[in-house]
Amino acid sequence: MTKSLNVRAAVVSIVLFLGFIGAWHLATRSTGSTAAMSPEYAKLMGLTATQGKSAMPGPLDVGAKLWDHLRHPFYDNGPNDKGLGIQLGYSIARVMAGYLLAVAVAIPLGFLIGMSPLMSKALDPFIQVLKPISPLAWMPLALYTIKDSSLSAIFVIFICSIWPMLLNTVFGVASVRKEWVNVARTLEVGTVRRAFTVILPAAAPTILTGMRISIGIAWLVIVAAEMLVGGTGIGYFVWNEWNNLSIVNVIIAILAIGVVGMVLDQVLAQATRLVTFPE
Amino acid sequence: MIDKFISIEGIAKRYPGAAGAGDTTIFENLWLSLPRGEFGCVIGHSGCGKTTVLNILAGLDQPSEGTVIVDDHEIQGTSLDRAVIFQSHALLPWRTVMGNVAYAVSSKWRKWDKAKVRAHAQQFIDLVGLTGSEHKRPSELSGGMKQRVGIARALSITPKIMLMDEPFSALDALTRGSLQDEVRRICLETGQTTFMITHDVDEAMYLADKIFLMTNGPGAVVAEIVENPLPKDRARIDLHRHPYYYALRNHIVDFLVTRSKGFVAANPDHDPLHVPVVRPGLAEPALVLSAASGAAATGAAVSAPAQLRAR
Ligand SMILES: Nc1ncnc2c1ncn2[C@@H]1O[C@H](COP(=O)(O)OP(=O)(O)OP(=O)(O)O)[C@@H](O)[C@H]1O
Ligand SMILES: [Mg+2]
Chain A
1 MTKSLNVRAA VVSIVLFLGF IGAWHLATRS TGSTAAMSPE YAKLMGLTAT
51 QGKSAMPGPL DVGAKLWDHL RHPFYDNGPN DKGLGIQLGY SIARVMAGYL
101 LAVAVAIPLG FLIGMSPLMS KALDPFIQVL KPISPLAWMP LALYTIKDSS
151 LSAIFVIFIC SIWPMLLNTV FGVASVRKEW VNVARTLEVG TVRRAFTVIL
201 PAAAPTILTG MRISIGIAWL VIVAAEMLVG GTGIGYFVWN EWNNLSIVNV
251 IIAILAIGVV GMVLDQVLAQ ATRLVTFPE
Chain B
1 MIDKFISIEG IAKRYPGAAG AGDTTIFENL WLSLPRGEFG CVIGHSGCGK
51 TTVLNILAGL DQPSEGTVIV DDHEIQGTSL DRAVIFQSHA LLPWRTVMGN
101 VAYAVSSKWR KWDKAKVRAH AQQFIDLVGL TGSEHKRPSE LSGGMKQRVG
151 IARALSITPK IMLMDEPFSA LDALTRGSLQ DEVRRICLET GQTTFMITHD
201 VDEAMYLADK IFLMTNGPGA VVAEIVENPL PKDRARIDLH RHPYYYALRN
251 HIVDFLVTRS KGFVAANPDH DPLHVPVVRP GLAEPALVLS AASGAAATGA
301 AVSAPAQLRA R
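Protein sequence lines correspond, in order, to chains A and B. In terms of UniProt numbering, the first sequence opens at residue 1 and continues consecutively. In terms of UniProt numbering, the second sequence opens at residue 1 and continues consecutively.
The hints are simulated quantities; they were obtained by calculation from the structure and are not laboratory data. Incorrect hints may appear among the rest.
No farther apart than 30 angstroms at their CA atoms in a straight line, the calculated lysine-lysine pairs in the DSS-like style are these [stated by the list, open to error]:
(1) Lys-160/B - Lys-108/B
(2) Lys-108/B - Lys-178/A
(3) Lys-136/B - Lys-108/B
(4) Lys-136/B - Lys-178/A
(5) Lys-114/B - Lys-178/A
(6) Lys-111/B - Lys-65/A
(7) Lys-160/B - Lys-261/B
(8) Lys-232/B - Lys-178/A
Covered, in the sense of this in silico footprint (three residues per stretch, anywhere, with C-beta under 8 angstroms from a C-beta of chain B), are these stretches of chain A [as the list claims (entries may be wrong)]:
(9) 116-123
(10) 194-207
Even glycine gets a Cβ: it sits at the ideal position worked out from N, Cα and C.
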């Protein structure tokens, strides 16, 4: 039954996909040569006017260009012409740097806050104020203090991915079942060992859920951040191609952003599954 | 002098009441003692404070007043000497049966290597009859099996005292019976001092040497200590054939049904330090001695000659 459900779902997915591509193709195909005009004027107007071609690229254009990118993902012809792979690599590296920094801060801090009611109360107002700030609002401050656009982007990733992890860690740690903590207490397990043998495994699913939310937000934010700071990265690529009026490349970049985001999310989903325990 | 291995001395527990109102006293001036190697059972209605007493004894909770003395030392927090079997079994779900027991073993003997810990844990897994299920996780076990793991975990650290909070109340009657047999066998074999809370009169009669009857809260007191007149080598299946069975059972049930409610009002001069000890027998329940008056088993022997050999 489940198998047939999966098969049917796959068929529907493919039909929807083909339908979408077909509609896209029909909507953007050439409508044949339009009114005759002088060759110079036609040259000025470009293909759009001369062949009745839509300004919006069709799926075949995108497919051909995508094939190009896939064949040479890592070429480097100077600052404004780098392969898609290189640009994605820059973005992923920045996200990873900021994200891992956030993990290193949020999880220990979350443990501290979750295990200590005093720290929980003391730090709560700061967290409440800092949490709703859009990460991009930090950008000018970061650029001014750090004075390096790439590091500023990393900082912005750090600041946006820290909150879901911190809050989930605090929640996960504070809501570990009391009886499990009592088991550790009756066995005279010290605080550090208790943190690693009881609280960490018990809170791990919640912590990883927070990490999964964070990586999603980080990937959302990096595109915007790179549009602002420029230079390299997939966000800059999108902006640059927009300035080049290469809608084909913009579409391909959008596709690539989606695919990478999905992969990042699935990696953490898999990790969450590994630490989840049945009760 | 009565040997007081466990001695609860004048403990009280109060919770702050609603704003403005005074504190709620769950119980106060509660005295209770148990000699080494005996099985004590507390029985009382829901909410009278049994769990609170047990948690204080375990060190998981602090009394508002009074102290608890175990083996001549005032207790300070929890200890590996006092193992707790939790009502909800409290197994760590991410660890296997072996992992749960080994966690306790390695907590007690920090320097043992892995093989030694496992070998020791295995002994206790075998003892509770779970051989072959070592690698199962708690979610793959039945309720009775989980509780067995809890028992193995508690026993594996060879505690001076076992504390059990209604360990079998969530189990079906058959499983409960076989686990009671198991616990009784282990306690008799090892001479384990055990303190248990229960709602089940038959369970108390089968397992306990002393049954502490607690009145309803708030302001609960230990109304009476019932000495179990049934022979030490009693078997669960023919417990009810013993001549003292009904006397004992009726006495406890009477207390729970009628006397536990208005006990404090009906007995204004009840002295919590000298709680009456009774030993139901063929005739009317005989008042044997007062808890702290010190007279030993001679008094009991007079009223119940059949039990002479048991002690
Ligand atoms: N944190 C708390 N704040 C206020 N009152 C509490 C708190 N914890 C327990 N109590 C009260 O203490 C009383 C005794 O609770 P306890 O859990 O010891 O009862 P019990 O005898 O074990 O009951 P049961 O047989 O249902 O397990 C209850 O009336 C309960 O309302
Ligand atoms: Mg209780």
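Hints and how they fare:
no. : hint                  : result
1   : Lys-160/B - Lys-108/B : 13 angstroms, holds
2   : Lys-108/B - Lys-178/A : 21 angstroms, holds
3   : Lys-136/B - Lys-108/B : 23 angstroms, holds
4   : Lys-136/B - Lys-178/A : 23 angstroms, holds
5   : Lys-114/B - Lys-178/A : 28 angstroms, holds
6   : Lys-111/B - Lys-65/A  : 64 angstroms, violated
7   : Lys-160/B - Lys-261/B : 34 angstroms, violated
8   : Lys-232/B - Lys-178/A : 37 angstroms, violated
9   : 116-123               : violated (count 0)
10  : 194-207               : holds (count 4)
Hint compliance for this structure: hints 6, 7, 8, 9 are not met, and every other hint is.
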